[in-house]
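*Asks:* First to last, the protein sequences are chains B and F.
Per the working numbering, residue 1 is the first one in the first sequence, and the count goes up by one each step.
Per the working numbering, residue 1 is the first one in the second sequence, and the count goes up by one each step.
Among these hints, one or two may not hold up.
What the hints assert, rightly or not - In silico lysine-lysine, BS3-like type, Cα no more than 27 Å apart, as pairs:
{"#": "1", "chain 1": "B", "residue 1": "Lys190", "chain 2": "F", "residue 2": "Lys500"}
{"#": "2", "chain 1": "B", "residue 1": "Lys15", "chain 2": "F", "residue 2": "Lys382"}
{"#": "3", "chain 1": "F", "residue 1": "Lys384", "chain 2": "B", "residue 2": "Lys194"}
{"#": "4", "chain 1": "F", "residue 1": "Lys382", "chain 2": "B", "residue 2": "Lys30"}
{"#": "5", "chain 1": "F", "residue 1": "Lys532", "chain 2": "F", "residue 2": "Lys295"}
{"#": "6", "chain 1": "B", "residue 1": "Lys164", "chain 2": "F", "residue 2": "Lys295"}
{"#": "7", "chain 1": "B", "residue 1": "Lys58", "chain 2": "F", "residue 2": "Lys384"}
{"#": "8", "chain 1": "B", "residue 1": "Lys58", "chain 2": "F", "residue 2": "Lys394"}
{"#": "9", "chain 1": "B", "residue 1": "Lys58", "chain 2": "F", "residue 2": "Lys295"}
{"#": "10", "chain 1": "B", "residue 1": "Lys174", "chain 2": "F", "residue 2": "Lys295"}
{"#": "11", "chain 1": "B", "residue 1": "Lys45", "chain 2": "F", "residue 2": "Lys382"}
In short, the hints are calculated from the structure, not lab data.
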Amino acid sequence: MNGLWILRGLGVTLKHFIETYIEDFRQGKKRYFTAQGIEQRRSSKTRGIFTVQYPEEKLPVPEEFRYLPFLVYEEVNGQRKLRCTACGICAKVCPPQCIWIVRSTDPETGRPVPAPSEFYIDVDVCMNCGFCAEYCPFDAIKMDHDYEIASFDRQREHVFDLQKISKPVTYYAKIRPGNYAEEQRARMMKEAAKTIA
Amino acid sequence: MTTSWIETQLTEYLLERFGEAVQPDSRPGYLGFLVARNKLLEVCRSLRDEFGFDYLSSVTGVDYHPEPFMEVVYHFYKSTGGSALVMKTQAPRDNPTVPSLCSLYPGADFQEREAWDLLGIRFEGHPDLRRILMWEGFAGHPLRKDWREPFFEEDAKPFKSRWPEGHFIRVEDNNPYKNNVSYPPDFDPGKWVPDKDELLYGGLQSFEEDSEIKTERIVVNLGPQHPSTHGVFRMVVLLEGERVVDLKPVMGYLHRNHEKIGERNTYLQNMPFTDRLDYICSMSNNFGYALAVEKLMGIQPPERAEYIRVMMAELTRFLNHMFSIGFLLNDLGAFFTPSLYAIEERELILDIFEEVAGSRMMCNYFRFGGVARDVPEQVLDKIKTLVHDRLPRKLDEFERYLTHNEILRSRCEGVGVLTPEQAIALSVAGPVLRASGVPYDVRRADPYSIYERLEFDVAYGIHGDIYDRYLVRIEEMRQSLRILRQVLKDIPNGPVMAGKPQFQVRVPPGEAYGRVEGPKGELGFYVVSNGKPNPWRYHVRAPSFINLTSLKTMAHGAKVADLVAILGSIDIVLGEVDR
Ligand code: SF4
Ligand code: SF4
Chain B
1 MNGLWILRGL
11 GVTLKHFIET
21 YIEDFRQGKK
31 RYFTAQGIEQ
41 RRSSKTRGIF
51 TVQYPEEKLP
61 VPEEFRYLPF
71 LVYEEVNGQR
81 KLRCTACGIC
91 AKVCPPQCIW
101 IVRSTDPETG
111 RPVPAPSEFY
121 IDVDVCMNCG
131 FCAEYCPFDA
141 IKMDHDYEIA
151 SFDRQREHVF
161 DLQKISKPVT
171 YYAKIRPGNY
181 AEEQRARMMK
191 EAAKTIA
Chain F
1 MTTSWIETQL
11 TEYLLERFGE
21 AVQPDSRPGY
31 LGFLVARNKL
41 LEVCRSLRDE
51 FGFDYLSSVT
61 GVDYHPEPFM
71 EVVYHFYKST
81 GGSALVMKTQ
91 APRDNPTVPS
101 LCSLYPGADF
111 QEREAWDLLG
121 IRFEGHPDLR
131 RILMWEGFAG
141 HPLRKDWREP
151 FFEEDAKPFK
161 SRWPEGHFIR
171 VEDNNPYKNN
181 VSYPPDFDPG
191 KWVPDKDELL
201 YGGLQSFEED
211 SEIKTERIVV
221 NLGPQHPSTH
231 GVFRMVVLLE
241 GERVVDLKPV
251 MGYLHRNHEK
261 IGERNTYLQN
271 MPFTDRLDYI
281 CSMSNNFGYA
291 LAVEKLMGIQ
301 PPERAEYIRV
311 MMAELTRFLN
321 HMFSIGFLLN
331 DLGAFFTPSL
341 YAIEERELIL
351 DIFEEVAGSR
361 MMCNYFRFGG
371 VARDVPEQVL
381 DKIKTLVHDR
391 LPRKLDEFER
401 YLTHNEILRS
411 RCEGVGVLTP
421 EQAIALSVAG
431 PVLRASGVPY
441 DVRRADPYSI
451 YERLEFDVAY
461 GIHGDIYDRY
471 LVRIEEMRQS
481 LRILRQVLKD
491 IPNGPVMAGK
501 PQFQVRVPPG
511 EAYGRVEGPK
521 GELGFYVVSN
531 GKPNPWRYHV
541 RAPSFINLTS
551 LKTMAHGAKV
561 ADLVAILGSI
571 DIVLGEVDR
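If we strip away everything but chain F, and leave its shape as in the complex, we get:
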């Protein structure tokens, strides 16, 4: 990578202005700057206001145990495009406290809460620093390196007990339930009465407003598991009559600590686990993870593999948007007919995935330096018929069916509005960001793979309402077909894997952030390697998790009946939100 003029300028400026407080990160393989904690807010304000780094993509922490410090890592981007600016700040491990960026970048809200929850890093000045994925009262912070899970066996896979003396023992027998659970010191499960979520409810009512009619405000729990919340998800809303005054999403019901599992796994073993994040778009997840690790390893997949990757990613985008629009209609009350029509096309695409990758949804198809196997000629023909004939035809039919439908329009237009400024500040990504009139698409803004050579337009909306999100998704499907036509025309012959397939890859020490434009938004993987076979840190920037930060803003002032539609328009998948 070459450093551009502006980056050199930036470096000089930062060093000059902040002196000691900002240091380039000089550890081998690391990027960006180390910022002193007390100067963090000041530096970030200057970055945002003077240099245009207005989009905070990812916030996460790294535990460098047994070193005595924790590190918080920030990835900033410009909403006009360009590569990342990485900032880090360190805090002592026994009491890690870092200033919160919420006042500058409201999009840091959930991510900081996550870092607090999983790593125990305290963010000073955060408006509502509660646990987000675990429950209040959970013992410890699971992503710390010295924290052990209930069925702990060893720090890193492969486990020694499996071979050559692999006498089978059930994990439950080896480490029986109840003996393996720990509670916080002052907690007795026998005496425990479920609390009334005081912190949660107390945090509501942040909006103070005058209205002519004084009504009593009531708190309503939508979920967990409201039929149309797309999974086990809960919204606590504060209502004034029918109007939503405040809202807090509650999540984590499907939490399995994907990142801890990822740090126990070897690099390759994580690949099938990424399938389970956003289980509708496993190909895109594979893509992002492969990019991050390839960056670290410094390898490049061969041409044909790049084409296949893009082909799979675009097919995935198509099927995801079909799915999400179908289910948006469910949320609006058109129960299941539209979504079943949408799923028909999805099935045909899944047939292709099954033939190529071996599985319909858990594809596990990408490898570092290529893809697992070639796409046979007859499958390419199948894709061609789909792309040239069936999918455009069905998309037209779908539009005839829905786009101008008066009910759909009156339910969606002007509902759940997010202004461009809000969208950027809240770190919203994907179709939701673009529907708000910010034409930011990672494929164009920071191109990866072969997207630079492909011709396509970035779809964007104007009004930032549900209807524009719908339109953006429809247009993105058309653009995906356009990309697919080019890819199918130009796909070269050749190998699909750089070098020999290896089950144990060598990853030099360092850090990398790989991101792709997933169907739901910017999907990023932050990987830190210390040269061992297992990643030291493995973090997923999940678009639907971070997009949920904006739910409160979108819902404010809406009618309670529109809430489900607003949630549906964000297009979340709980596998990815809860991780």
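Chain B with its partners taken away, still in its complex shape:
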């Protein structure tokens, strides 16, 4: 019959439409604005409406998610100590060349010191590729999860300096627990090997 398949197609649309209400009814209040509700909506079991109402609801990001890089520092006797040694590998590997590093020098001898005195990332140029974090030999630069960086003045606010990109190692451990644990384990092994040798 002509038009039969149009009706069947409309049936599919109707099913999608009704399923939203069935799910609303079945799951009750917890379908929206709760972590559990969001998780359910993005699982492969999801039916009916699928969208997430940003910014009231936010999708949780996976650990590997990358947005902008940040520098990791450790707290030693109340002093911030950056892990970065200003080796320059991240600046070399960066595809759009948006990392700018000034290496410190000893004011007396004039010799280079393994620490950055200035470190800029032009975040409008950064393409979020994650290479800097991937190839840094000192685990000193990592990819952040914070993606809400809109501001009113790109000239002033979107060139991140040392102040703005340094974050404590505890923050790193919080957003990327798996990676952190993995690195700590590798570090311990190395230390252990050293003490044995």
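Add chain F with the ligands to chain B, keeping to what the hints say.
*Replies:* Coordinates of chain F with the ligands only, in the frame set by chain B:
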């Protein structure tokens, strides 16, 4: 690689018949033959008619500055499968003129125009040799090695100003706008009046036809940025009543000279840039580029990495076809409900990409000799549930929703027809080629990675119309699921990277052409290395760009209302067309 019997035969034959005019390319790492310019057409005709190399996959140029010559590189294939035949011809750099292959292979049309535009190589006998990505009046040919872009800093990355004395300067301040723009000698921007695209409009009316009713022909511009043209794209059509008599696509609005950027970058730095070509299928782009560079380096990724690569490539194919079918329906007027249903499945796949690669669309996941990181067990489980349960179920529902729909069928059947002969001649690739009844799929025709061991069928159509393209895409999704089931069953444990990850890879001199069957068609990367950290030449054979060559043929005689649907059935992404 072993040379087969037929290839040895071919070599002997060519050398014997053309004597001096055909020489094997003896530079280390180079393949194929160097052909004298004046014999090019003759040699190619014999290749096509006597040896069956009927499919011209890629045409591009290389500037060997400061050597005094330019080279045009052709990659020929047989539409029945097999590996490439590479032909090259050289021309002096100060006036590079090469005979056009358009008369033998109409698919060379846009590619030759691109080589003219970006490298300034003149193709004699080309029917319409205009710029294609840049505008008429642009100064110079940007891919020439001595051409410098407005914000030029150095010839090759990494730039010295970044480290160890990396005091931040904005590029705009360093090299302010207006001081850095050059114009052709007789061009004054103050006096310039936008021309009426005379060349463009003048080139129309190539079809002369009698029809019973004499109507006045009118030129209509569809776009730039017609709502359903999938981006900033323009079609100039010549209409007779409602019928399309001639058509010229105009593109380049999103041009950023990907290849020049690629030649400034180091090999690794290009990987995230390939994501931005066809931004819907970044995993496939990564795949093609990784293959090309791995060929040059002579390395092989470990087993597990191969499986992961294929898994990602097939998931990408699935999501791309979902997307393209959804948007085809948009073009047909079923506004957004079907495409949103399609995007739902895509979102679930993107969730997986995000968990594995760190980003939903700009995956940057492949490395030379493997992939960036392993796929964790819980993600594999997720993929399994998708592949075994959700995706087939949803695909069935999608088919119930659309495939037999009477409106869809009456809009698509018999519209935008491309015959198999036309499709091959026009170098069309991917689902469009297969829907025309040419079962050519790089995964089978010239297998790479582990596709040789996998069981799947090449989907193909019969009629070469929009509806068959739709059906081919649906079937390819089913085949992708079939591949995924095998891959998930057999995926071995082990490392995902050959050797230690390096940020500076050593690539021996030579050339390589890596190609994959991307969701939109054959995606090829032509890379020339001179042993330095940056590629000397980096060319992308973009399937949706070359598929557009066939738009004119498909649209000829169609109603203007069907144009958008025909364009939608090619499935283009402007990031890749314009590069
Ligand atoms: S962040 Fe890492 S790679 Fe970059 S300079 Fe510091 S130590 Fe070197
Ligand atoms: S994420 Fe990529 S683009 Fe951004 S700073 Fe790091 S290397 Fe550069």
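*Asks:* Of the numbered hints stated earlier in the document, which are not met by this structure?
*Replies:* Of the numbered hints given earlier, those the structure breaks are 3, 6, 9, 10, listed in rising order.
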